[in-house]
Amino acid sequence: MNTKQQRALSFIIIASVLLMLGSAVYAESYSSTLNVSSQLDGSARYYSGSTINIACRNTYLNTVFNTTSDTLRVGCFKKGFLGIYFQVGSSVVRTVTNSGYTTVSGSWTMDGNGTYRFRFLKGLWNGMQEQILSDDVDMWSN
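Its first residue numbered 9, the sequence shown is counted upward by one per residue in my numbering.
No lab work stands behind these hints: they were computed from the structure.
Model, not experiment: these values are computed from the prediction.
Here a beta-carbon is modelled for each residue, glycine too, at the ideal position from N, C-alpha and C.
Only true hints are included.
Label-pair restraints from in silico Cβ distances: (1) G120 - T11: 43 to 51 Å; (2) S107 - S58: 35 to 43 Å; (3) M136 - S115: 26 to 34 Å; (4) N106 - D146: 21 to 29 Å; (5) G91 - Q47: 15 to 23 Å; (6) Y109 - L129: 14 to 22 Å; (7) T11 - S58: 38 to 46 Å.
Construct the complete structure from the given sequences, taking the supplied hints into account.
So this is what it looks like as structure tokens:
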């Protein structure tokens, strides 16, 4: 390979690397816990990418009552004009029991980069003595 060809190959390699770096999606990832007895709005956080996701692992119903199951509704909301949040897509609804763990998860197509939060709604209101809990909540975008 002559010097001209080596320079051309070097240029192509450098240009390719720069193009790949410029098109990389920088995703955000957060971890938390969950304790909801009626409604809970999660923290507002910045996400970028095309999809926003949540996974609440080892989720269970903690109760002193005879309740054996309840529902957990998880919605995704984006901060819009004048700081007003609007729902992105449909909520995810899962049954949670007091006899075992379940994973409550969902994915939504993002409405552009920005500030998002999750809203958690417990189905039955039995007071503060009954909660849906998870110590392993992951939220991320990609």
